[in-house]
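Undergrad: I would like the entire structure built from these sequences, with the hints used as guidance.
2 protein chains.
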Amino acid sequence: MNFKQKFMGTSHKNNSLLCVGLDIDEDKIPKSLFESSKHPFLDFNKSIIDATKDIVCAYKLNMAFYEVFGKNGIDLLEKTIEYIPKDIVVILDGKRNDIGNTACKYAKTLFETFSADAVTINPYLGKDSVTPFLAYKDKCSFILCRTSNASAVDFQDLNVSSLPLYQIVAKKIKEWNENDNCGAVVGATYPGELKIIRTILGDHIPLLIPGVGKQGGDVENTVKKGTNNKGEMAIINSSRGIIFAGNDEDFSEISRNKALSLRNEINKYR
Amino acid sequence: MNFKQKFMGTSHKNNSLLCVGLDIDEDKIPKSLFESSKHPFLDFNKSIIDATKDIVCAYKLNMAFYEVFGKNGIDLLEKTIEYIPKDIVVILDGKRNDIGNTACKYAKTLFETFSADAVTINPYLGKDSVTPFLAYKDKCSFILCRTSNASAVDFQDLNVSSLPLYQIVAKKIKEWNENDNCGAVVGATYPGELKIIRTILGDHIPLLIPGVGKQGGDVENTVKKGTNNKGEMAIINSSRGIIFAGNDEDFSEISRNKALSLRNEINKYR
Chain A
1 MNFKQKFMGT SHKNNSLLCV GLDIDEDKIP KSLFESSKHP FLDFNKSIID
51 ATKDIVCAYK LNMAFYEVFG KNGIDLLEKT IEYIPKDIVV ILDGKRNDIG
101 NTACKYAKTL FETFSADAVT INPYLGKDSV TPFLAYKDKC SFILCRTSNA
151 SAVDFQDLNV SSLPLYQIVA KKIKEWNEND NCGAVVGATY PGELKIIRTI
201 LGDHIPLLIP GVGKQGGDVE NTVKKGTNNK GEMAIINSSR GIIFAGNDED
251 FSEISRNKAL SLRNEINKYR
Chain B
1 MNFKQKFMGT SHKNNSLLCV GLDIDEDKIP KSLFESSKHP FLDFNKSIID
51 ATKDIVCAYK LNMAFYEVFG KNGIDLLEKT IEYIPKDIVV ILDGKRNDIG
101 NTACKYAKTL FETFSADAVT INPYLGKDSV TPFLAYKDKC SFILCRTSNA
151 SAVDFQDLNV SSLPLYQIVA KKIKEWNEND NCGAVVGATY PGELKIIRTI
201 LGDHIPLLIP GVGKQGGDVE NTVKKGTNNK GEMAIINSSR GIIFAGNDED
251 FSEISRNKAL SLRNEINKYR
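If you read the protein sequences in the order shown, they are chains A and B. Mapping the first sequence onto the working numbering, position 261 (from 1) lands on 261, and the numbers just tick up by one. Mapping the second sequence onto the working numbering, position 60 (from 1) lands on 60, and the numbers just tick up by one.
Hints in this document: simulated from the structure, not taken from any laboratory. Note that the structure is predicted; figures quoted are calculated from it, not measured. There could be a bad hint or two in this list.
Since the list gives no way to pick one copy over another, a pair counts as held whenever it fits inside one copy or between any two copies.
Claimed, not checked - Derived DSS-like pairs (lysine-lysine); straight-line CA-CA distance at most 27 Å:
hint	residue 1	residue 2
1	LYS31	LYS108
2	LYS127	LYS214
3	LYS108	LYS38
4	LYS71	LYS86
5	LYS38	LYS71
6	LYS214	LYS108
7	LYS28	LYS108
8	LYS71	LYS108
9	LYS268	LYS13
10	LYS127	LYS195
11	LYS46	LYS214
12	LYS230	LYS86
13	LYS71	LYS28
14	LYS127	LYS172
TA: What follows is the structure, encoded as structure tokens:
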């Protein structure tokens, strides 16, 4: 089963475009876990997964939040991925890339060592850096197109032959999609750009959309501009806004309620 | 002691602009090590370090080659860094970046968890993604400017207000250098671009230059165009060409000879 089949299967079953970002943070997980558990981070992730697995279409793990703990963090990353139900896609958000020889190693790391279904990659190095990821035909590579941060404008909006760079990147993503395994990362905080990118990419390329929740992206705009003609092919991520919504013993219940409410709000506009 | 002081100290002492890239590779290290050693990768790195530490100015570890082994790879990365003499700068080549909140975690990972003296980062996300790295005033952040691969042209050479994007990036690097802790990554395979970038950056910003050796960058051109007015501020990296030069029991001696010969060739043109 390839990425799209797996993603669409769960998305239909759970009636959801919501992706929950498992971005653990020592300072934000409930203090009580450090007393009650020998493995507070893993137990935190497991609780969030248990509480949300019937209402999400994907889980996303941002690698920075794991790497910061060194080899223990990598162990936690591996154990968390192992715990995620096999029918839900795992997106490893590492925004990696390098020249071809090294990009092969990153692709192997993410897709083989860590068994990711999908990854995020940075386009700055061009096609030969992207190709080793796209060689994994059953996986999906979400290429950074227009990011959600304020400084996205610094380079991504610069005009190149009268088009902003991010649109040139979007056109390249469409061109690179020969194996039907490209996606694009587009921030929810810029709905105008989201609409333009969806138009360039057409209806068959999935968008990974961070930036609703804590970053302030508007849900209605995100859904209407980011989904395709069938209200699909968008993976809308929220991390901190869901997983750190509660900080007491009932944290996973509060996270579930937040996730449920966001899933339903998304569905209202599809 | 900040990055520049440490780098210049060793560079003078060892009369060297040569950086050796410790990019381990299962398929390329001597087979005999798998029989004679319980820790073949670590022992390989230790042998290369022992054989070259008096003739280099820096060691660079490309993180892809370690991450591919999961938590064992991170352990190896940490132990290798620990083994490098404290007066030689360690460059962690991860080409990371993300939005501000997450970039803080990457900066913490690389500079604190792994104790790097310098890192490589990707500029595509703009200033707010770079700032968390630059907040480490005593460290150095080498920002990808013009990479050494063939597809570098895809985006980096696109004209923006009649300048190629990589030159806009170079101008930003100069602007972001308020704490005197920026550097730029420029491939040796493009000497024309190297010269232009050195001119934009002036004489005080260090360049990390991969691409001599296996990738075919010309040494004379690299030195003449990449160093500053004093023949300094360039860190010229070779990985595979040095560390995998031999594949028998005398591999470290062969690597030393290769490194010595490249250091001397570099010095001839300074």
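Undergrad: Of the hints given before, which are not true for this structure?
TA: none
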